Each structure stands twice: as C-alpha cells, then as structure tokens.
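> Next come the chains, spelled out residue by residue.
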Amino acid sequence: MKKIIFSFTLFAILVSCNSGGKKTASDDKKVSLTSAGATFPMPFYNLAFKKYGEKTGTYINYGGIGSGGGIRSLRDKVVDFGASDAFLSDKELSEMPSEVIHIPTCMGAVVIAYNLPGVDNLKMTPELLEKIFMGAITQWNDSKIKAVNSGLNLPDIRITVVYRSDGSGTTNIFSDYMSKVSSQWKEKIGVGKSLNWPVGIGAKGNPGVAGTISQSVGSVGYIGSEYAFSQKIQYVRVQNSSGNYINPDIKTVSLAAKGQIASDTRTMVTNSTDPDAYPISGFTWIILYKEQSYNGRSFAQAESIVKFLEWLIGPDAQAIAESVNYASLPPEVSALAMHILRTVTFDGKPVLN
Amino acid sequence: MVIIKISPLLDNTKARDKKNKLFRAFVIAMSFITVIPIILIIGKIIINGIGQINFNFFVQTSPDSLQAMTAIATNKVIPGGIANGITGTFLIVLMASVMAVPLGMMIGIYLYENQGRRYTNLIRNTSEILQGVPSIVLGIISYLWVVRNVTKGFSAFGGSVALSIMMLPLIIKSTEETMKMIPNEIKEAAFAMGAPYHKIILKVLIPTGLSGLSTGILLSLSRILGETAPLMMTALGSSIINFNVTKPTSAVPLLIWEFYNDPNMVNLVWSSALFLTVLVLTLNVLSRRIAAKIKIGIKK
Amino acid sequence: MVSDKLTKAILLSSSLIVLIISAGIVFSLAGGSIPAFKEFGFKFIFTNEWNPTEGHEIYGALPFITGTLITSILSLIICIPLAFSTSLFTAEYFRNTKASGIISSLVDLLAGIPSIVYGLWGFYTLRPLIINLGLSDQGFGIFTSSIILAIMILPYATSMSTEIITMVPEELKEAAYSLGATRLEVIFNVIIPNARSGIIASYVLALGRAIGETMAVTMLIGNSNTVPSGLFAPGNTMASIIANQFGEASGLKLSSLIAIGLLLFAITGIVNSIGKFIIKKLV
Numbered sequence: 001m002k003k004i005i006f007s008f009t010l011f012a013i014l015v016s017c018n019s020g021g022k023k024t025a026s027d028d029k030k031v032s033l034t035s036a037g038a039t040f041p042m043p044f045y046n047l048a049f050k051k052y053g054e055k056t057g058t059y060i061n062y063g064g065i066g067s068g069g070g071i072r073s074l075r076d077k078v079v080d081f082g083a084s085d086a087f088l089s090d091k092e093l094s095e096m097p098s099e100v101i102h103i104p105t106c107m108g109a110v111v112i113a114y115n116l117p118g119v120d121n122l123k124m125t126p127e128l129l130e131k132i133f134m135g136a137i138t139q140w141n142d143s144k145i146k147a148v149n150s151g152l153n154l155p156d157i158r159i160t161v162v163y164r165s166d167g168s169g170t171t172n173i174f175s176d177y178m179s180k181v182s183s184q185w186k187e188k189i190g191v192g193k194s195l196n197w198p199v200g201i202g203a204k205g206n207p208g209v210a211g212t213i214s215q216s217v218g219s220v221g222y223i224g225s226e227y228a229f230s231q232k233i234q235y236v237r238v239q240n241s242s243g244n245y246i247n248p249d250i251k252t253v254s255l256a257a258k259g260q261i262a263s264d265t266r267t268m269v270t271n272s273t274d275p276d277a278y279p280i281s282g283f284t285w286i287i288l289y290k291e292q293s294y295n296g297r298s299f300a301q302a303e304s305i306v307k308f309l310e311w312l313i314g315p316d317a318q319a320i321a322e323s324v325n326y327a328s329l330p331p332e333v334s335a336l337a338m339h340i341l342r343t344v345t346f347d348g349k350p351v352l353n
Numbered sequence: 001m002v003i004i005k006i007s008p009l010l011d012n013t014k015a016r017d018k019k020n021k022l023f024r025a026f027v028i029a030m031s032f033i034t035v036i037p038i039i040l041i042i043g044k045i046i047i048n049g050i051g052q053i054n055f056n057f058f059v060q061t062s063p064d065s066l067q068a069m070t071a072i073a074t075n076k077v078i079p080g081g082i083a084n085g086i087t088g089t090f091l092i093v094l095m096a097s098v099m100a101v102p103l104g105m106m107i108g109i110y111l112y113e114n115q116g117r118r119y120t121n122l123i124r125n126t127s128e129i130l131q132g133v134p135s136i137v138l139g140i141i142s143y144l145w146v147v148r149n150v151t152k153g154f155s156a157f158g159g160s161v162a163l164s165i166m167m168l169p170l171i172i173k174s175t176e177e178t179m180k181m182i183p184n185e186i187k188e189a190a191f192a193m194g195a196p197y198h199k200i201i202l203k204v205l206i207p208t209g210l211s212g213l214s215t216g217i218l219l220s221l222s223r224i225l226g227e228t229a230p231l232m233m234t235a236l237g238s239s240i241i242n243f244n245v246t247k248p249t250s251a252v253p254l255l256i257w258e259f260y261n262d263p264n265m266v267n268l269v270w271s272s273a274l275f276l277t278v279l280v281l282t283l284n285v286l287s288r289r290i291a292a293k294i295k296i297g298i299k300k
Numbered sequence: 001m002v003s004d005k006l007t008k009a010i011l012l013s014s015s016l017i018v019l020i021i022s023a024g025i026v027f028s029l030a031g032g033s034i035p036a037f038k039e040f041g042f043k044f045i046f047t048n049e050w051n052p053t054e055g056h057e058i059y060g061a062l063p064f065i066t067g068t069l070i071t072s073i074l075s076l077i078i079c080i081p082l083a084f085s086t087s088l089f090t091a092e093y094f095r096n097t098k099a100s101g102i103i104s105s106l107v108d109l110l111a112g113i114p115s116i117v118y119g120l121w122g123f124y125t126l127r128p129l130i131i132n133l134g135l136s137d138q139g140f141g142i143f144t145s146s147i148i149l150a151i152m153i154l155p156y157a158t159s160m161s162t163e164i165i166t167m168v169p170e171e172l173k174e175a176a177y178s179l180g181a182t183r184l185e186v187i188f189n190v191i192i193p194n195a196r197s198g199i200i201a202s203y204v205l206a207l208g209r210a211i212g213e214t215m216a217v218t219m220l221i222g223n224s225n226t227v228p229s230g231l232f233a234p235g236n237t238m239a240s241i242i243a244n245q246f247g248e249a250s251g252l253k254l255s256s257l258i259a260i261g262l263l264l265f266a267i268t269g270i271v272n273s274i275g276k277f278i279i280k281k282l283v
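Protein chains in written order, with the working numbering: chain A, 1 to 353; chain B, 1 to 300; chain C, 1 to 283.
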C-alpha cells in the first residue's frame with residue numbers, strides 16, 4: 001500500500017514538472033474558457049486553442065460532442081461558446097434565450113472517396129453523384145460513368161455506397177449540395193444531418209466511413225476533408241457549376257466562399273458560382289450570445305472570449321488551420337466576421353473598442 | 001433408514017465415469033475456446049500500442065494534430081502523452097468509487113438481510129434494470145442533473161456521478177451474492193456473542209466475504225475505466241491537467257475518442273488501450289494480494 | 001439495541017437511493033419523450049421506420065427493439081457455455097493452479113478494454129473473418145455484433161460465478177464425494193444448486209451489460225434502421241441509435257431518441273425476466 005502511494009506521489013510530481021516542457025495551466029490565475037460542439041473542426045480547434053493558451057495563458061477546453069450538443073450547451077449556458085457545422089435555423093434562433101451570433105472560423109469540404117485500385121483521377125458530374133448515391137447506377141463500368149471518364153479502365157464491380165450513420169454536419173453539407181443540383185434528391189431525400197438513404201451501408205464517423213471504404217473494393221462514400229486530406233485515399237474530382245472538374249484542396253475550398261454571403265454569415269456555400277471553387281464546401285461556425293452579461297459573468301470573461309475569437313479569424317490562426325488541412329476564410333469573410341464580433345456587448349456596451 | 005443396494009446389472013458406474021470424463025473434456029475445450037479471442041484482442045492491443053509507449057507517454061499532455069501529422073510524416077514516435085487523461089481518470093474514478101462502493105455495499109447487505117420481501121425484490125429488480133441503461137443515457141442524465149444544475153458547467157464531478165451510477169448494480173449484486181455464500185454459523189456465532197449489528201457487518205461479514213466483494217468492486221472499476229460516452233457529456237475533456245472537480249477534465253477514454261476521430265492519431269488509440277489494460281491487470285493483481293493478506297491477518 | 005436500529009435504518013435508507021435514482025431517470029426521460037408519444041402515440045413502439053427526412057419525419061422504435069432483443073439474448077446464449085466452463089475450470093477442476101490464475105486474469109482484463117477498442121478489433125479482425133467464411137457480404141450485422149458482445153460480457157458472467165463457486169463449502173462437496181459421486185455429479189448436484197443464485201445473478205448482470213453496450217455494437221451492426229431480415233443482416237439497437245444520433249438531434253428526433261431510452265428501461269426489465277427464465281432452465 002505504501003508503495004502505491006509513494007509511486008503515485010512520484011508520478012504526480014513528475015507530471016507537474018514536465019507537461020510537455022511547456023507552461024502548465026494548473027495555476028489558478030490562468031483564465032480558462034469552455035466550449036463544446038462540432039467534431040469536424042476539432043483537430044484545428046485543439047491545435048489553435050493550445051497555441052493560444054501558450055501565447056496568452058488563456059486555456060480553452062473543447063469537447064467534440066456534436067453540433068447539436070454544442071447548441072444545447074450554449075442554450076443551457078454551461079459553455080462560453082458553442083461550435084456548430086450548421087448554422088441555427090430561424091426556429092432554432094428563436095428558441096435560444098437571447099440573441100446568438102455566428103462567427104465562421106474556417107472552411108471544410110466534403111470529399112467523395114472511393115476504392116478502386118489503379119483507377120485514379122476519377123471524375124464525377126452532379127448527375128453521376130445523384131444516380132450513384134440513389135442507387136440508379138450500380139456498376140462501376142456503367143456507360144454513364146465511362147462517358148465522363150473516357151481515359152480510365154473501369155472494372156465490372158458492384159458499387160457499394162457508404163454513408164454516415166450518425167448525425168453529421170458533413171452529411172448536411174453533402175445533402176445541401178445534392179439538393180441544389182438534383183431535384184430528385186431534393187424531393188426524395190432532402191437536406192439534413194441524417195438522412196433516409198435508399199442504398200448502401202452506414203458507418204459511424206469519418207473513421208468508420210474511411211475504414212469501410214479502405215477495406216471494401218468498389219465502395220464509394222463521402223468524408224470530411226479534414227479527415228480525407230490526411231489519409232491516402234482516392235477521391236473524386238467533382239464538376240462544379242461552371243463545368244470545371246475541381247480537385248478538392250484548401251485553395252479550391254476557400255474559393256467557394258467568394259460570392260454572396262449573408263450579413264450574419266448564415267449561408268451554405270455549396271454549389272458556388274466561382275469557376276475554380278470546389279462545389280461541396282462549407283463553413284463551420286462558433287456561436288455565442290451577443291449580450292455577454294448573463295449568469296453572473298464578468299467583463300473579463302467576455303473580453304477574453306472576444307479577443308480570442310478576434311485572433312481565431314485573424315491571419316495567424318488561419319495559417320494554423322491550413323497547416324492541418326482546413327481551408328482558411330477568405331479575407332472578405334474574415335472582415336465580415338470581425339464586423340459581427342464588434343457587435344458583442346457587455347451590459348449594452350461593445351466589448352471591443 | 002435407507003439401504004443402498006447396487007445390483008451388478010444396474011451398476012451404472014462405468015456410464016457415470018464416462019460422462020464425468022466427457023464433461024471434463026468439454027470444460028477444458030470450452031475454456032480453451034474462450035481464451036482464444038482474449039489472446040487475439042490483447043495481442044493486437046500490445047502489438048499496435050507498444051510502439052508509442054515511452055516515458056513521455058505518462059507525463060506529457062496529449063499532442064495536437066499537427067505534431068502527430070509531422071511525426072507520422074517523418075516516421076517518428078508521436079510526441080506527447082496522456083498525462084491529462086491519466087490524472088483526470090484517477091480523479092473521476094476515485095470520486096465515483098467513494099460514492100458508489102460504500103453505498104453499493106450497504107444496499108447489497110440490506111438486500112441480503114431482507115430476503116423474500118416484496119420491497120427487497122423491487123430494489124433488486126430495479127438495480128438489475130439500472131445495469132442495462134446505456135452509458136450514454138446516464139451521461140445525459142448526469143448532464144441534466146449535475147452539469148446544468150449543480151456545477152453549472154461541464155465538470156469532473158458530473159462525470160463521477162454518471163460513473164458511480166454505473167458501478168452501483170455491480171457492487172450491489174456482488175455484495176448480496178457474496179453475503180449469501182457466507183455460512184450462517186459465522187454470523188450466528190457473532191450474534192450469539194452479543195456483538196452490535198454494525199460491528200458484525202464490519203468485522204465479520206465484510207472480511208469473510210472480502211474476496212467476493214473485491215471481485216465486484218474490481219469489475220465495476222474495470223468497466224468505468226473504459227467508458228467514454230458518459231464522460232463526453234459531463235467531464236467534456238481538457239488539453240491540460242486539471243484537479244478542479246468543478247471544471248472540465250480529461251480522461252483516458254475521452255482521449256481515446258479524440259485520437260480515434262483525428263486522422264493522424266489513430267495509433268495512440270492502441271497505446272492508450274494498452275495503458276488501460278495494464279492498469280486493470282495491475283488492479284486485479286493488487287487486489288488479490290491485498291485480499292489474501294487481509295485473509296491471512298484474520299485467520300491469525 | 002439502539003445502534004442496531006440505527007444501522008438497520010441506515011441500510012434501509014441506502015436502498016431507497018436506488019429507487020430515487022431510477023425514478024429520477026425515468027422521470028427525466030419521460031419528460032423528454034412526451035413530444036414523441038404525442039406525435040406518434042403508442043404506435044411508436046411498433047412502427048418499423050426511422051425516417052429523418054425533413055417534412056416527412058416518421059420515427060418508430062421497432063427496428064431497435066428487435067435489434068436489442070436479438071443481439072443481447074444471442075450474445076448471452078453464446079457466452080453462457082463459455083463462461084460456465086471457464087468458471088468451472090478456474091474454480092473447480094484446476095483450482096489454485098497457475099493455469100487457472102492466468103485464465104481468470106485474462107478474462108478479468110476483458111472488462112477493462114474500452115468498447116471503442118472492441119469495435120476496432122471487431123472491424124479489423126472479426127469482420128474480415130465473417131466475410132471470408134461467406135456468412136455475410138459486408139461482415140456487418142446482428143451475428144457479428146452478438147459475437148463481440150459475447151466476448152465483452154464474458155468477464156461479468158465469469159468473474160462472479162467463479163467467486164461464488166469457490167465459496168461453496170468444502171464439507172458439502174466432501175460429503176458427496178464420500179458417497180461415491182463423480183466430479184460431474186458433485187458439480188450438478190451440490191455446487192450448482194448451492195451457487196445457483198450467484199451464477200444466475202452474474203448472467204443477469206452480463207445481460208444488462210449487453211443491452212446497454214453502444215460503441216462496439218454501433219461499429220459492427222451495419223446501422224440499418226429497419227428490423228433485421230436475417231441473422232447475418234444488418235440492424236440496429238436502441239443503445240446504438242441513441243449514441244449515434246443524440247449529438248446532432250433536436251426537436252422530434254431528439255424526443256424520439258429519449259423515448260427509446262425510456263423504452264429501454266421496460267425492455268431491460270422484460271429481457272431480464274426472459275433471461276432469468278432461460279437460465280433457470282439451463283443451470
């Protein structure tokens with residue numbers, strides 16, 4: 001027994017002296033904020049929050065419990081801000097106790113991944129996507145696929161569709177795009193975080209879908225770009241509204257935001273009109289209350305959140321986003337976000353000067 | 001008076017002997033089959049996880065995606081470790097045990113002492129049903145009760161409450177069943193000597209049944225050490241080491257979930273699982289040693 | 001004695017806590033599930049559809065109820081012979097030997113492995129095996145999940161049984177041996193009747209664990225939200241759908257998920273009774 005207590009004490013001492021050789025935040029004077037929400041931006045947020053903490057001493061806890069969880073947590077006022085892949089609808093906004101603002105933080109895309117050894121640079125039109133995911137085309141060497149990919153040797157294998165079984169912002173962006181380019185899809189399947197898929201198998205999370213695709217030859221599915229870009233997966237060049245076949249990467253995804261964006265940034269930027277943009281892209285947002293004086297919060301807390309968000313949409317943090325395969329906000333969107341940030345108040349007075 | 005006559009024609013000794021041998025072979029074969037998947041799973045954990053284990057693994061906090069990505073690209077071991085998870089798990093599990101173990105044992109003893117009553121059956125059945133509640137539902141419940149109303153924010157304490165509810169049915173049941181196996185004579189002897197009830201429980205029943213009791217406690221500890229869902233909704237997670245129970249805290253299973261969802265950190269899933277497996281093994285071995293020592297102490 | 005009365009009172013009040021917690025859970029769940037029951041009525045329990053399409057939302061619990069029932073009972077059926085044999089091995093046949101010590105430690109280790117890891121192992125090792133055996137196209141399904149569940153609940157079924165069997169008084173066994181009983185007869189006529197309560201108790205706990213398991217099941221069951229068409233077909237369970245969709249659900253879907261959580265209470269009670277009945281007949 002004594003040995004156990006001794007070894008644990010030793011362990012505790014070692015741990016507090018050596019947390020990565022960097023500053024530890026076990027000091028009470030360090031401000032800490034809490035946030036929760038979308039899993040899509042989690043790698044970026046974890047990295048950004050860590051860097052911010054090292055820089056300023058303000059550490060932010062983040063829990064990837066899902067966009068719905070993020071919204072709920074904000075509504076229940078148990079977090080300082082939430083994170084969501086889908087902006088709140090008018091109905092959802094009305095259900096919040098007070099006004100909520102959206103700050104876009106970065107962009108991501110939905111990548112169409114597939115498993116056909118030896119068949120690279122597959123191209124797809126919106127029509128192909130609709131027919132494959134709705135089950136109208138069932139073989140890889142179907143004439144319609146061949147027509148778009150004349151140079152490729154497509155095998156006579158069955159197509160296995162893989163979709164997300166859990167509710168997800170990735171599904172939301174994908175279905176939003178599909179509804180814009182296919183009236184059949186809009187009518188039969190619609191838009192949403194989880195859908196009634198006519199064909200295919202469901203797998204949980206990006207790892208589930210990616211794992212299933214990588215294990216089954218002939219499968220095709222959609223994955224969040226932040227996941228796909230870090231893996232060696234084959235993905236499709238999708239034809240955008242200008243007729244160009246676009247390879248998803250952080251540049252083509254950022255281009256999708258060039259266009260009309262709502263003044264509160266609540267816009268789905270799928271099917272962008274920009275000729276070089278990747279059509280299945282979207283924002284992810286941080287949501288917080290416009291009026292920060294609630295539940296006995298201090299001005300210092302409000303100020304630290306706003307200052308943090310100011311940093312997050314700024315060039316340093318956006319460069320961090322790109323380093324982990326997220327697309328950065330175009331300067332116009334950053335400026336718009338900054339503009340919204342200036343409207344955050346504490347007791348009616350703007351937090352930022 | 002019973003006279004046993006065995007007529008040679010009716011002597012079925014050979015048949016009984018055969019059955020005996022067959023059953024023994026069956027038991028050995030089934031035990032062997034049982035062990036196969038266990039070895040496969042634990043083997044895979046060791047093989048996949050051992051690569052990432054080094055001293056830093058235990059004392060540094062979790063790495064970020066960029067560190068992991070660079071490490072993989074340059075074929076190095078991913079830096080950082082799970083220290084924030086280890087300390088968080090320790091804190092949360094300790095609090096959960098402090099709440100659940102004494103309570104569970106008291107309830108188990110109550111059930112044992114009041115067999116046959118309708119109320120007792122109600123409690124027992126309720127506790128069995130509680131065992132079937134998915135951990136995520138308990139997480140949601142603790143979110144509603146503790147996170148929203150008590151700590152007004154995600155907290156380690158909320159996590160402990162969810163986990164302690166998960167521990168209860170196991171401890172209750174193992175306590176009740178262990179007590180039932182204690183020969184009545186021992187209890188009656190203590191009563192006959194005029195010992196007060198609480199002393200009988202503390203000095204006679206519990207020490208005698210220590211082996212069974214510790215099995216139940218160990219089983220419930222093992223279970224909650226690996227649980228993610230309830231902690232996601234209550235303790236939330238943290239990138240730093242935290243000992244404040246009213247604040248978000250990390251835990252090893254939470255880190256495993258984060259590693260799983262990050263494209264660059266999947267290897268760490270296995271290393272963390274290896275850590276948990278070794279921890280459970282250590283707890284098992286320790287508890288057996290301690291139980292044996294206490295038993296010897298009593299016998300003396 | 002006064003202190004005795006006090007002790008008894010303390011024990012009684014502790015038992016109340018079980019009721020309070022359970023009542024609280026049921027209450028919280030009931031509150032959240034009212035919108036679902038209002039919209040669908042009690043038909044909800046028997047509706048074989050889960051359609052989240054906006055504007056045409058229909059939710060029903062039947063696919064998940066069947067999935068939970070089949071996987072949990074099947075996993076228990078697979079687990080019992082293994083657990084029973086292993087308990088006898090460790091507590092009777094090879095008691096106090098090194099082999100039994102190693103085996104019981106190995107089994108106990110299983111309880112500490114996180115369910116994600118079971119899911120991953122099942123995905124990368126078990127699933128290809130099932131595909132290779134030709135049992136299923138994609139390897140996902142009820143059968144695969146039941147197997148992984150059977151492995152996961154082994155420690156609960158074995159650990160306590162082993163302890164209980166060990167605690168059977170030596171005198172009883174010796175008496176039987178002295179009458180010329182074989183080991184098999186001692187096991188079935190002395191040990192089991194004596195240890196029956198504890199053995200059944202451990203299987204009930206194992207069953208509960210199987211019912212409530214989420215992560216490993218959700219990674220292997222195929223997540224098709226309809227009643228499974230066969231043993232090797234994909235399906236879904238109540239715990240799995242809650243875990244899958246809770247993070248992103250709101251409104252009617254959230255209420256339906258909470259309603260499923262509430263139904264799970266009832267289903268657990270029913271399955272426990274069925275399980276106890278089956279076990280009493282077998283053991």
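Simulated from the structure, these hints should not be mistaken for laboratory data. Take these hints with a grain of salt, some might be off.
Each pair of labels, with its calculated beta carbon distance range [claimed, not checked]:
| # | chain 1 | residue 1 | chain 2 | residue 2 | range |
| --- | --- | --- | --- | --- | --- |
| 1 | B | N121 | C | L135 | 36 to 44 Å |
| 2 | A | E92 | C | K38 | 18 to 26 Å |
| 3 | A | D76 | C | P35 | 17 to 25 Å |
| 4 | C | P35 | A | S298 | 14 to 22 Å |
| 5 | A | S150 | C | H56 | 36 to 44 Å |
| 6 | A | V217 | C | F27 | 48 to 56 Å |
| 7 | A | T343 | C | H56 | 53 to 61 Å |
| 8 | C | V2 | B | D17 | 55 to 63 Å |
| 9 | B | F55 | A | D249 | 35 to 43 Å |
Quick caveat: nothing in here was measured; it's all calculated off a predicted structure. Glycine included, every Cβ here is placed at the ideal spot set by N, Cα and C.
> Each hint needs a verdict: does it hold in this structure or not?
Do the hints match the structure? See the list:
1. B/N121 - C/L135: 36 to 44 Å: 42 Å, holds
2. A/E92 - C/K38: 18 to 26 Å: 20 Å, holds
3. A/D76 - C/P35: 17 to 25 Å: Given about 18 Å between the Cβ atoms, the range holds.
4. C/P35 - A/S298: 14 to 22 Å: The hinted range 14 to 22 Å is violated for C/P35 and A/S298, with Cβ atoms some 37 Å apart.
5. A/S150 - C/H56: 36 to 44 Å: Between A/S150 and C/H56, where Cβ atoms are some 40 Å apart, the hint holds.
6. A/V217 - C/F27: 48 to 56 Å: Taking Cβ atoms as reference, A/V217 and C/F27 lie about 51 Å apart, which means the hint holds.
7. A/T343 - C/H56: 53 to 61 Å: 38 Å, violated
8. C/V2 - B/D17: 55 to 63 Å: 60 Å, holds
9. B/F55 - A/D249: 35 to 43 Å: 39 Å, holds
Going down the numbered hints, you'll see the structure goes against 4, 7, while the others check out.
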